[in-house]
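S.K.: Here the structure of chain V is known, so what remains is to put chain B in place on it, guided by the hints.
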Amino acid sequence: MDVKIGLECHAQLLTKSKLFCSCSTDYHDSKPNTHVCATCLGLPGALPVVNERAIRYGMKVALALGCEVQEEIIFYRKNYYYPDLPRGFQITQYDFPIAFNGLVRIESGGGDGGKEREIRITRVHMEEDPGRLVYIGTIDTAKYSLVDYNRSGMPLVEIVTEPDLKSPKEARIFLGKLRSTLEYLGVFDGDLEGAMRVDANISLEGGDRAEVKNISSYKGVERALSFEITRQKNLLRRGLKIQQETRHYDETRGITLSMRTKEFEHDYRYFPEPDLVRIRISDRIEEIKREIPELPDEKKKRFTSQYSITTEHANSLTYDINIADFYEEVASKIDMKLSATWIADVLKGELNYRSISMREASKRISTADFVAILRYLKDGVITERGATEIMREMLDRGGVKPEEIIKSKGLASIGSEEIEGAIDKVIKENEGAVEDYKVGKKEALNFLVGQVMKHTRGRAEPKEVRRLLVGKIESEF
Amino acid sequence: MLLKKEEIEHIGWLARTELSETEKELFEKQLSSILDYFAVLDELDTEDIEPTYHVIGIKDVVRKDEPKEALSQSEALRNAPKKEKGYIKSPRMF
Numbered sequence: 001m002d003v004k005i006g007l008e009c010h011a012q013l014l015t016k017s018k019l020f021c022s023c024s025t026d027y028h029d030s031k032p033n034t035h036v037c038a039t040c041l042g043l044p045g046a047l048p049v050v051n052e053r054a055i056r057y058g059m060k061v062a063l064a065l066g067c068e069v070q071e072e073i074i075f076y077r078k079n080y081y082y083p084d085l086p087r088g089f090q091i092t093q094y095d096f097p098i099a100f101n102g103l104v105r106i107e108s109g110g111g112d113g114g115k116e117r118e119i120r121i122t123r124v125h126m127e128e129d130p131g132r133l134v135y136i137g138t139i140d141t142a143k144y145s146l147v148d149y150n151r152s153g154m155p156l157v158e159i160v161t162e163p164d165l166k167s168p169k170e171a172r173i174f175l176g177k178l179r180s181t182l183e184y185l186g187v188f189d190g191d192l193e194g195a196m197r198v199d200a201n202i203s204l205e206g207g208d209r210a211e212v213k214n215i216s217s218y219k220g221v222e223r224a225l226s227f228e229i230t231r232q233k234n235l236l237r238r239g240l241k242i243q244q245e246t247r248h249y250d251e252t253r254g255i256t257l258s259m260r261t262k263e264f265e266h267d268y269r270y271f272p273e274p275d276l277v278r279i280r281i282s283d284r285i286e287e288i289k290r291e292i293p294e295l296p297d298e299k300k301k302r303f304t305s306q307y308s309i310t311t312e313h314a315n316s317l318t319y320d321i322n323i324a325d326f327y328e329e330v331a332s333k334i335d336m337k338l339s340a341t342w343i344a345d346v347l348k349g350e351l352n353y354r355s356i357s358m359r360e361a362s363k364r365i366s367t368a369d370f371v372a373i374l375r376y377l378k379d380g381v382i383t384e385r386g387a388t389e390i391m392r393e394m395l396d397r398g399g400v401k402p403e404e405i406i407k408s409k410g411l412a413s414i415g416s417e418e419i420e421g422a423i424d425k426v427i428k429e430n431e432g433a434v435e436d437y438k439v440g441k442k443e444a445l446n447f448l449v450g451q452v453m454k455h456t457r458g459r460a461e462p463k464e465v466r467r468l469l470v471g472k473i474e475s476e477f
Numbered sequence: 478m479l480l481k482k483e484e485i486e487h488i489g490w491l492a493r494t495e496l497s498e499t500e501k502e503l504f505e506k507q508l509s510s511i512l513d514y515f516a517v518l519d520e521l522d523t524e525d526i527e528p529t530y531h532v533i534g535i536k537d538v539v540r541k542d543e544p545k546e547a548l549s550q551s552e553a554l555r556n557a558p559k560k561e562k563g564y565i566k567s568p569r570m571f
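Order-wise, the sequence lines are chains V and B. If you use my numbering, the first sequence corresponds to residues 1 to 477, in order. If you use my numbering, the second sequence corresponds to residues 478 to 571, in order.
Hints may contain errors.
Under the rule of at most 16 Å between Cα atoms (straight-line distance), these lysine to aspartate or glutamate pairs were calculated in the EDC-like manner [claimed, not checked]:
{"no.": "1", "chain 1": "B", "residue 1": "K482", "chain 2": "B", "residue 2": "E502"}
{"no.": "2", "chain 1": "B", "residue 1": "K559", "chain 2": "V", "residue 2": "D84"}
{"no.": "3", "chain 1": "B", "residue 1": "K562", "chain 2": "B", "residue 2": "E552"}
{"no.": "4", "chain 1": "V", "residue 1": "K262", "chain 2": "B", "residue 2": "E486"}
{"no.": "5", "chain 1": "B", "residue 1": "K506", "chain 2": "B", "residue 2": "E484"}
{"no.": "6", "chain 1": "B", "residue 1": "K545", "chain 2": "V", "residue 2": "D26"}
{"no.": "7", "chain 1": "B", "residue 1": "K541", "chain 2": "V", "residue 2": "E52"}
{"no.": "8", "chain 1": "B", "residue 1": "K560", "chain 2": "V", "residue 2": "D84"}
{"no.": "9", "chain 1": "V", "residue 1": "K363", "chain 2": "V", "residue 2": "E312"}
{"no.": "10", "chain 1": "V", "residue 1": "K441", "chain 2": "V", "residue 2": "E431"}
{"no.": "11", "chain 1": "V", "residue 1": "K16", "chain 2": "B", "residue 2": "D542"}
Residues from chain V that face chain B, not an exhaustive set, calculated with beta carbons under 8 Å [stated by the list, open to error]:
{"no.": "12", "residue": "T15"}
{"no.": "13", "residue": "N33"}
{"no.": "14", "residue": "H35"}
{"no.": "15", "residue": "R53"}
{"no.": "16", "residue": "I55"}
{"no.": "17", "residue": "K143"}
{"no.": "18", "residue": "V277"}
It should be emphasised that the hints constitute simulated quantities derived from the structure, not laboratory data. The structure displayed is predicted, hence computed values, not measured ones. Just so you know, even glycine gets a beta-carbon here, dropped at the ideal spot from N, CA and C.
Just chain B, with the same shape it has in the complex:
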């Protein structure tokens, strides 16, 4: 299955990543071959099989509503590339 160039561009936009023309061509091929690989699964007959929502059978895991200590502000911001007044600085998205 061959992905169209516009689809690659749209996927790039969803990931908020700018793609160069060379990258677009490269991903067109790579993503298409990944899809072909997974297309093998489509050959299976799943007519009478219940959908799987989780791979292991555990259920009902919850925790009590008890607050615990949080990280300090400096710890929380330690890996932020840009910060201002205790906030993380980010590009405007509009």
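Here chain V stands alone, though its shape is the one from the complex:
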């Protein structure tokens, strides 16, 4: 059955002050209602004034998504009553947004060699973030809500897609691509809590569409949409009609709930915000275009040709701009293929396991440290296992150097004499296994290698041990 999904993605822009007032945007770890003023609290008489940088960032996003930036923008009031909206209206845009008609290419297979799909962008506009509601318990059982206006007035860029996405997985891939692009532009930090929030419109072939609001994580998109598709399919199976409605996604329970809203488009009574004036933006397009850096797709192409690494590695290394920069720095000092393997396959795995970002990790393990570890590995000072262990230790503890860990954990590879000593000992102690190997039981060799590794506490390279063992046993014939 055909599924159509369109997304409305709201991303917080990394300005220093809010969209219409000078309150600091650095509220994420603060006490509630400490980053507020008359304007973002909606007190009478307060006058909003637009933040210039927010507009520039919005234009940068629009241009990076291939949109047509418009001549002038106008802000509107969208009227509705909700406790997170202190004025009873949200300042947003309507028929004069920043831009229309963009295009984002995604690889729907994800990773390597998936088929490329084009997702059309309907429009890009600016709006202010509402405050944040906190519920004691869950949203449908709490007795009241608590309101924190620190978020009120944060600059958001809203990116609206056409219903071109065909599955929850594609929606997730699209969002990943969007996040990556916004981070490349330096206007967004996806690690901040609630920095990206998504509403999804979803319809099954022949049915009315439902809107799912309040999706606030990348994994949440796939889960919320899968739930919604199953729900709609079940309705159809029972011969029921899918109603056009707004549903709320409950992240903890992974379900969507009907919001029983009675509001329609015309109830929002959009009208031009009389406290703000129109702003001409077309004269800044060329200047902002020049500020747009190399974007993920271009970087990926360059990586494969410049560093002769696989498309898979290039994909993996370019998703996060901080990882891409880390890689380029390391690859400029030491073997670029070895760096690619160790960053894409090992380091990224360790970061995922610890749920820390590259930016966070680079405070504990610098590019110079990383180059040093790879150099020790290349020179045979440490084994692959040792290199991994050093990385883990550095990520967990921070503030330690590779050399200290090599010393304190005794990770230095041992000389061939010591390995041979261990091999002789193992052969003597395990005559049975040696006989087994001699009569053709190949798996006995694995056991013997394991024994040698045990004796050397993992400081020998298993391949080398295997080679020496075979040589020793066969020379005894």
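M.R.: Chain B only, in chain V's frame:
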């Protein structure tokens, strides 16, 4: 133009205001007469007139992105009728 009772109820809901039966009747009359008053404007021919988005001609007013001091939490919450742990307490809306 006479507004229907359901329309008055819907407007009341949009404003999150509960209306008594007497109020509904009162607003039905009042809002209808306001609409009639504005209906005079519909008689004007606006065929060749550009829409007005703002009454004064100023444009391009923006400010620099520089953070300034915010209100203190106690100042921010001073007029809140109900508060809890630094938050403003509000009815649950769902």
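S.K.: If a hint holds in the structure, say so; if it does not, say that too.
M.R.: Right, here's what the structure says about each hint:
1. Taking the CA atoms of B/K482 and B/E502, the gap is about 8 Å. The hint holds against a cut of 16 Å.
2. Between B/K559 and V/D84 the alpha-carbon distance is near 15 Å, which keeps this suggested pair within the 16 Å criterion.
3. With a C-alpha separation of about 14 Å, the suggested pairing of B/K562 with B/E552 holds against the 16 Å cut-off.
4. A threshold of 16 Å between alpha carbons decides the hint, and for V/K262 with B/E486 the separation of about 11 Å falls inside it, so the pair holds.
5. Distance check on the hinted pair: B/K506 and B/E484 sit about 12 Å apart at the alpha-carbon level, within 16 Å; holds.
6. As the CA atoms of B/K545 and V/D26 are separated by approximately 12 Å, the hinted pair is consistent with the 16 Å bound.
7. The straight-line distance between the Cα atoms of B/K541 and V/E52 is roughly 6 Å, inside the 16 Å bound, and the hint therefore holds.
8. The hinted pair formed by B/K560 and V/D84 meets the criterion: a straight-line CA distance of about 14 Å does not exceed 16 Å.
9. For the given pair, V/K363 sits about 27 Å from V/E312 by alpha-carbon distance, which is inconsistent with the 16 Å threshold.
10. In summary, the hint linking V/K441 to V/E431 is supported, as the alpha carbons are separated by about 13 Å, within the 16 Å threshold.
11. Pair hint V/K16 plus B/D542 holds up; C-alpha atoms about 6 Å apart against a cutoff of 16 Å.
12. Look at V/T15: its Cβ gets to within about 5 Å of chain B, closer than 8 Å, so that hint holds up.
13. Interface restraint check: V/N33 against chain B, minimum CB-CB distance 5 Å, threshold 8 Å, status holds.
14. Checking V/H35 against chain B by beta carbon gives a least distance of about 5 Å; that is within 8 Å, so the hint holds.
15. For the restraint placing V/R53 at the interface with chain B, the shortest Cβ-Cβ distance is roughly 4 Å, inside the 8 Å limit, so the hint holds.
16. Among the interface hints, the one on V/I55 holds; its C-beta lies about 7 Å from the nearest C-beta in chain B, closer than the 8 Å criterion.
17. Hint status for V/K143 relative to chain B: holds, with the closest Cβ pair at about 7 Å, below 8 Å.
18. With 8 Å as the threshold, the beta carbon of V/V277 comes within range of chain B, its nearest partner Cβ sitting at about 5 Å, so the hint holds.
Checked against the numbered hints above, the structure violates only hint 9.
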